[in-house]
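Numbering (the numbering used here), first residue to last: 1 to 197.
Because the hints were derived from the structure by calculation, they are not lab data. Built from N, CA and C at the ideal position, the CB exists for glycine as well. Please note: incorrect hints may appear among the correct ones.
FRET-style restraints, in silico, Cβ to Cβ [said to hold, decoys possible]:
id : residue 1 : residue 2 : range
1  : Tyr146    : Ala36     : 18 to 28 Å
2  : Ala138    : Ala113    : 46 to 56 Å
3  : Asp191    : Gln135    : 20 to 30 Å
4  : Lys78     : Lys20     : 15 to 25 Å
Taking lysine-lysine pairs in the DSBU-like style, the calculated list, with each CA pair at most 35 Å apart, reads [stated by the list, open to error]:
id : residue 1 : residue 2
5  : Lys91     : Lys116
6  : Lys133    : Lys82
7  : Lys86     : Lys116
8  : Lys63     : Lys133
9  : Lys86     : Lys164
10 : Lys63     : Lys164
11 : Lys78     : Lys20
12 : Lys118    : Lys133
13 : Lys86     : Lys63
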Amino acid sequence: MKHLLILASSSPFRQSLLQKFNLPFSTFSPDIDETAIPNETPEQLVKRLSERKARAACDHFVKGLAIGSDQVAVFDGKILGKPHNKENAIKQLSLFSGQTVTFLTGLCVYDIASDKAKTLIEPFEVVFRTLTKEQIEAYCDAEQPYNCAGSFKSEGLGICLFEKLNGDDPNSLIGLPLIKLSQLLAEFNLDILAAQP
1 MKHLLILASS
11 SPFRQSLLQK
21 FNLPFSTFSP
31 DIDETAIPNE
41 TPEQLVKRLS
51 ERKARAACDH
61 FVKGLAIGSD
71 QVAVFDGKIL
81 GKPHNKENAI
91 KQLSLFSGQT
101 VTFLTGLCVY
111 DIASDKAKTL
121 IEPFEVVFRT
131 LTKEQIEAYC
141 DAEQPYNCAG
151 SFKSEGLGIC
161 LFEKLNGDDP
171 NSLIGLPLIK
181 LSQLLAEFNL
191 DILAAQP
């Protein structure tokens, strides 16, 4: 194969998404500080972090196309972090009930050999159903989404929390917008369909 694909993520969700391309890839865990810079917008944050993750591939590989991705949930102009526990997840989901939350996914493809990077931001909106306290607690107990931005797993039971989804690519909600990724890879002369084994 002409290109080595490298996923700068230890997320099993992103890895399973990239497997849809039916091409071999390597992974590593980018050890970067994900703290927002003062006055940084959500868009600037995901763009910067996705590129930093992709560029961290230089520490592990001498060539290849590195894919970095970072996602934040934005509600009422504020970045929402991962809840980390049930109490915070219940608070977040209670806040979202009947509301719209925007997910911003930063995506970067970085060519190690040429030191060129292309980065974009893919927005996706989630409209939540009006949820009862019992429904929220039952969901949290069932899926324990404490390490997920927005306190849900859309690829699992979390789909039942929503009224509708608005966006170009449902994969972006899970953390890797594959439609845009295939377009970015094509700009680096990797046609996913033509490269099939």
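Checked hints:
no. : hint                          : result
1   : Tyr146 <-> Ala36: 18 to 28 Å  : holds, 21 Å
2   : Ala138 <-> Ala113: 46 to 56 Å : holds, 51 Å
3   : Asp191 <-> Gln135: 20 to 30 Å : violated, 45 Å
4   : Lys78 <-> Lys20: 15 to 25 Å   : violated, 32 Å
5   : Lys91 <-> Lys116              : violated, 42 Å
6   : Lys133 <-> Lys82              : holds, 20 Å
7   : Lys86 <-> Lys116              : violated, 42 Å
8   : Lys63 <-> Lys133              : violated, 51 Å
9   : Lys86 <-> Lys164              : holds, 24 Å
10  : Lys63 <-> Lys164              : violated, 41 Å
11  : Lys78 <-> Lys20               : holds, 32 Å
12  : Lys118 <-> Lys133             : violated, 43 Å
13  : Lys86 <-> Lys63               : violated, 42 Å
When held up to the earlier numbered hints, the structure conflicts with 3, 4, 5, 7, 8, 10, 12, 13 and fits the remainder.
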